[in-house]
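Chemist: Next come the chains, spelled out residue by residue.
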Amino acid sequence: MNLCGCHAPKDEQQHFFAMDTVMTLRLIDASPEDFKACQEKVKELEQKFSVTLPESEISALNRAGSATLSADGAAVVEAGLTVSEQTEGAFCLSLYPAGRLWGFSGEEMRVPSAQELEAVRPLIGDEAITLSEKEITLPKGGAIDLGGIAKGYTADLLDLLLEERQVEHFFLSLGGNVQVGGGNPDGSPWRVGIADPDGGEAVGVLEIADGAVVTSGGYQRNFEQDGTLYHHILDPETLAPAKSGLKSATAVGLSGTLADALSTAFFVMGEERALDYCARYDAECILITEDDRVVVSPGLKEQFTLLNPQYRYEK
Amino acid sequence: MKNKNLLYIAVFSAAIILCVIGILALQTRPAQGVADIYLEGELVRSVEWASLEQPMEIPIGDGNILCADGEGVWMKHADCPDQLCIKQGKIKGGALSIVCLPNRVTVTLRAPKAEMDGVAR
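Protein chains in written order, with our numbering: chain A, 1 to 315; chain B, 316 to 436.
Hint data in this document are derived by calculation from the structure and do not stem from the laboratory.
Here the structure is a predicted model, which means the values were calculated and not measured.
Note that the Cβ used here is the ideal one computed from N, Cα and C, for glycine as well.
Accuracy of the hints is not assured; some may be wrong.
[Claimed, not checked] From chain B, some residues computed to sit far from chain A (all C-beta separations above 10 Å):
#, residue
1, Y353
2, A365
3, I373
4, G385
5, Q403
6, V414
[Stated by the list, open to error] Cβ-Cβ distance ranges computed for the label pairs, FRET-style:
#, chain 1, residue 1, chain 2, residue 2, range
7, B, G385, A, R121, 51 to 59 Å
8, B, D397, A, E12, 26 to 34 Å
9, B, A365, A, E12, 18 to 26 Å
10, A, S70, B, G385, 35 to 43 Å
[Stated by the list, open to error] Mimicking DSS-like on lysine-lysine, the simulated pairs with C-alpha atoms at most 27 Å apart in a straight line are:
#, chain 1, residue 1, chain 2, residue 2
11, A, K36, A, K10
12, B, K405, B, K391
13, B, K402, A, K243
14, A, K247, B, K405
15, A, K10, B, K405
16, A, K48, A, K36
17, A, K301, A, K247
18, B, K407, A, K247
19, A, K140, A, K41
20, B, K319, A, K247
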C-alpha cells in the first residue's frame, strides 16, 4: 500500500538452525532471495568451520595436524590468533582437547581429573599454531575449535552480503550474537537488550545503529556435579571454568568477528583486565559482575540504559 | 455552485486523509502479547497470550508442550536431554525467546517497538 508517497517498511524475520544454534534474520524491505542468500552463506560457512561435521576443513585439520585452509578458514584463524595474542592468551583457539574432557563439545559433561587435564596441557596455547597464508600446522595431537569466533565471522559476512544486496536495515541474531545495520527504519538506532545472566528481564538496553553486540556468560552452558556448577568458558591458564568475578561479558564493536572473540576473552580476563584492554585497543564492553554491578566502558555510557533494578549501574 | 464544489472537495479530501491515517495506524500498530511458535524455522502457530484468563497448553510437534497464561509463556514439557528450554522459565518481556535446540523449536514474543529489538545472550 503506497498512498501519499510514504510506505510502511516490510519488516520480516526468519528462524533457522545452523552451527548448533538458532539463527534469526530480521530484514527490512528484503526479498525472499535475500533471506535465502543469507541462509546459504551460513550453511556454507558451517560446512567449513564445524568441529562436529567430519567433512569440515577444521575436522580434517584436527585429524591430520596440518591443512590448506579456505580463504574463510584462514581469515578466521588469523583473527583468532591476533585476539589470542592481544589478550595474552585469554582467548584461545586450541582449547578443544580440554573442552572435550569437560564434555562441552557434545560429549557427556563431567569434571575431568587433574591428571587428564595435565595430559592435554602441552597441546593448549595458540603460539604453537603456525599459519602462513592458508597453510596451517598444529602441534602434534593438538586441535582447534572455532566456536568462539565463527559466528562472529559469519555475522560479518552476512553484513557484507546484505550491503551488496542493498538491504539497508537488518537485525541478525546468530545464536544470540547480535549484528545490526542501518538502524531502525524509523531513523532511531536498534535497541539491543543485554541478557540477564540470572534469567530475568534484560539487564539493560544498548542503542546502536551498526555493529556487533556479543555476550558470553557462564549461564549459557553448564552442568552441576556434587553441588558445584561448572560452566563452559574455560580459562586457558587453569583449563577449568573461568572464575574472574563476572557473570557475563559483552563486547561491542563494528566487527562481529572481534566482538565474538573478545566477549569470551573479557569473561576470562575479568573486570580490570577487560577495561584495560578496552582502553588500550579502543574496544567497548559491558560487564556484569558477580556482585550485580554493571560496568560499561566509557564509549558506551551514552548508549546504555539500565532496565533491571536487580543490578547497579556504575557510570 | 462554486461553494458546493468546494464543499465536495473538502469532504472528499477529509475522507481520503482519514483513510490514509487509518491504514497507517493499522500498519504501524505494535503487536503486543503475541507468541509466535516456530518448528524447524516454520511459523506453526501464533498465540495471543496476554488476553488469556486461564492457562493454555499448546503442543508443539511431538516433543514439546508450551504453556501460556495472561502473564507470559513457558515451556512445560520437552523430551530433550538438556531441558534448557524448561529451565528458562516464564518469559513475558519483549524480544525474549525460548529455544529448544534438540527439537528445533523457537518461541518468540512480539514486543512493542519501544522496548527492544532483540537480546544479546
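Chemist: Please go over all the hints and tell whether each is borne out by the structure.
Modeler: Each hint, compared with the structure:
With a cut of 10 Å on Cβ distances, Y353(B) falls inside the contact zone with chain A, its closest approach being about 5 Å. No Cβ of chain A comes within 10 Å of the Cβ of A365(B); the nearest lies about 16 Å off, and the non-interface call holds. The non-interface label for I373(B) is consistent with chain A: the shortest C-beta to C-beta separation is roughly 17 Å, beyond 10 Å. Against chain A, the non-interface label of G385(B) holds: every CB pair exceeds 10 Å, the least being about 17 Å.
Residue-level check failed: Q403(B) sits 7 Å from the nearest beta carbon of chain A, not beyond 10 Å. Distance check for V414(B) against chain A: the nearest CB is about 5 Å away, which does not clear 10 Å, and the non-interface claim fails. Distance hint check for G385(B) and R121(A): the Cβ-Cβ separation is about 54 Å, which falls inside the suggested range of 51 to 59 Å. Distance hint check: the CB atoms of D397(B) and E12(A) are about 30 Å apart, consistent with the given range 26 to 34 Å.
Separated by about 23 Å at the C-beta atoms, A365(B) and E12(A) satisfy the suggested range of 18 to 26 Å. For S70(A) and G385(B), the Cβ-Cβ distance of about 51 Å falls outside the hinted range of 35 to 43 Å, so the restraint is violated. For the hint linking K36(A) to K10(A), the alpha-carbon distance of about 16 Å falls within 27 Å, and the restraint holds. About 10 Å separates the Cα atoms of K405(B) and K391(B), which keeps this hinted pair within 27 Å; it holds.
Restraint check: the Cα-Cα separation between K402(B) and K243(A) comes to about 23 Å, which is no more than 27 Å; the hinted pair holds. For the suggested pair K247(A) and K405(B), the alpha carbons sit about 21 Å apart, so the restraint of at most 27 Å is met. A C-alpha spacing of about 30 Å is found between K10(A) and K405(B), which places the hinted pair above 27 Å, so the restraint is violated. For the hint linking K48(A) to K36(A), the alpha-carbon distance of about 19 Å falls within 27 Å, and the restraint holds.
This hinted pair checks out: K301(A) and K247(A) have alpha carbons roughly 20 Å apart, not beyond 27 Å. Distance check on the hinted pair: K407(B) and K247(A) sit about 22 Å apart at the alpha-carbon level, within 27 Å; holds. Among the hinted pairs, K140(A) with K41(A) is inconsistent with the structure: their alpha-carbon atoms are about 32 Å apart, more than 27 Å. For the hint linking K319(B) to K247(A), the alpha-carbon distance of about 73 Å lies beyond 27 Å, and the restraint is violated.
When held up to the earlier numbered hints, the structure conflicts with 1, 5, 6, 10, 15, 19 and 20 and fits the remainder.
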